Structures are given as C-alpha cells and as structure tokens.
Amino acid sequence: MQKNKTHWNVKTLVFMALLVAMHLVLTRVFVVELGAYRISVGSVCTILAGLWMGPAAGAVCGLASDIIGCFMKGYAVNPLITIAAILWGVLPALVKPLMANKNKRAKTVVISASIVVTAILSSLIFTTAGLVLIMGYNFYAIMPGRLVQFVIMIPIYCVLTCLLYFSPLTSLVVGNVTPAVLEKKTV
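Using our numbering, read the sequence shown as starting at 1379 and increasing by one per residue.
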C-alpha cells in the first residue's frame, strides 16, 4: 500500500499563498486591536491550509503569515507567538486521519475539538507566554481578557472553519475540480 504524500505543485503553492494573503488581510487589516488583545479571524485561513494541504503546508502558512504580518505592522518577530501561529496550521491537520470514514457531524466534532485544543496551546499558552516573557505584559493583568477572548473567538473559529471546510472550496483545493466544473454542479 502506497502512502499518500503531499505534493507541493503550483496549485498547492498558489492556494497556500492565497491563504497567507487572506490571513494577513483578516489579521492585520480587518482586525480590532485592544492592547494585548486582538479580535480577528485570520487563523481560520491557517487552519484550513493545514486541513486542506497537510500539516507542513499549515505550518508554512502560519509561519509566513506571522513573519510577514510582523513586518507589515512594524513589530519585532516574537518566537513564541510565531510558534503559536504555526500550531494553528499543524494541530488541526494532525487529527484529519480521525475524520476518515466519518459522517459530517463526527467530522465537525473532530475539527472543533482540534480547534479548542489548538487554541489552548496556541492562544492561551504560547501567545500569552510571548506577551509576558518577551513583551513584558503582566500575566495577571492580561489573562482574564485573554480568557474572555478565547471564549468569544473559539466558537467563531469552529463555525467558520466547518462552514468553509464543508463547502465546495474543499473540492476545489484538494480535488481535481476546476471552477468551471463547480459552476456546472451548482447550476
């Protein structure tokens, strides 16, 4: 039995670049910044990169999005926050084998659980550590707000990710479907 290998062809690289660009727009342009808190949905793009193209592609998209985003805003790259960005693309992709031969409801549960676990590790642990250890924020001052942010954003991430993952976009990205074929199917 031959293992399924990730092939980084031109199509994959184009979709990765598109997801990085969308992440940057959603995270750096269409964002509400409240000091140590940032309300945005850009991480959904990185999650989808991992789910659609594998953990390595998700990691590259998370890494590229964070580094380019830091340069766009004039921030120094914070390695702990960069690790958090990479985790958004890797961890949900690692649970994708658990979705094999499952119905849509079971897949939704697996995706949502992976987003919750990723958010705990990424947002609550690595990003908070980056803000406290490297940027000098007071842990006790920012943690209550970060918990509120977590409670608000995670359901939004879960809903958006599942809506997009179960949409025709998945067939377009991972399959051999062209936009013309999708157009014929919807007519």
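No lab work stands behind these hints, which were simulated from the structure alone. Remember, predicted model here, so these are calculated numbers, not experimental data. Ideal Cβ positions, reconstructed from N, Cα and C, are used throughout, including at glycine. Treat each hint with caution, since some may be false.
Simulated DEER-style distance windows between Cβ atoms [to be verified]: (1) VAL1537 / ILE1446: 33 to 43 Å; (2) VAL1403 / ALA1507: 20 to 30 Å; (3) GLY1514 / ILE1417: 15 to 25 Å; (4) PHE1517 / SER1545: 13 to 23 Å; (5) VAL1407 / SER1545: 37 to 47 Å; (6) TYR1453 / ASN1516: 41 to 51 Å; (7) THR1548 / VAL1494: 13 to 23 Å; (8) ILE1417 / ALA1507: 17 to 27 Å; (9) VAL1526 / GLY1553: 17 to 27 Å; (10) ILE1417 / ALA1454: 35 to 45 Å; (11) VAL1494 / ALA1395: 27 to 37 Å.
In silico lysine-lysine, DSBU-like type, Cα no more than 35 Å apart, as pairs [claimed, not checked]: (12) LYS1389 / LYS1451; (13) LYS1474 / LYS1485; (14) LYS1389 / LYS1485; (15) LYS1389 / LYS1480; (16) LYS1451 / LYS1480.
Against the structure, the hints:
no. : hint                          : verdict
1   : VAL1537 / ILE1446: 33 to 43 Å : violated (27 Å)
2   : VAL1403 / ALA1507: 20 to 30 Å : holds (27 Å)
3   : GLY1514 / ILE1417: 15 to 25 Å : holds (22 Å)
4   : PHE1517 / SER1545: 13 to 23 Å : violated (39 Å)
5   : VAL1407 / SER1545: 37 to 47 Å : violated (23 Å)
6   : TYR1453 / ASN1516: 41 to 51 Å : violated (19 Å)
7   : THR1548 / VAL1494: 13 to 23 Å : holds (21 Å)
8   : ILE1417 / ALA1507: 17 to 27 Å : holds (20 Å)
9   : VAL1526 / GLY1553: 17 to 27 Å : violated (39 Å)
10  : ILE1417 / ALA1454: 35 to 45 Å : violated (22 Å)
11  : VAL1494 / ALA1395: 27 to 37 Å : holds (28 Å)
12  : LYS1389 / LYS1451             : holds (29 Å)
13  : LYS1474 / LYS1485             : holds (9 Å)
14  : LYS1389 / LYS1485             : holds (25 Å)
15  : LYS1389 / LYS1480             : holds (27 Å)
16  : LYS1451 / LYS1480             : violated (42 Å)
Comparing the model with each earlier hint shows violations of hints 1, 4, 5, 6, 9, 10 and 16; every other hint is respected.
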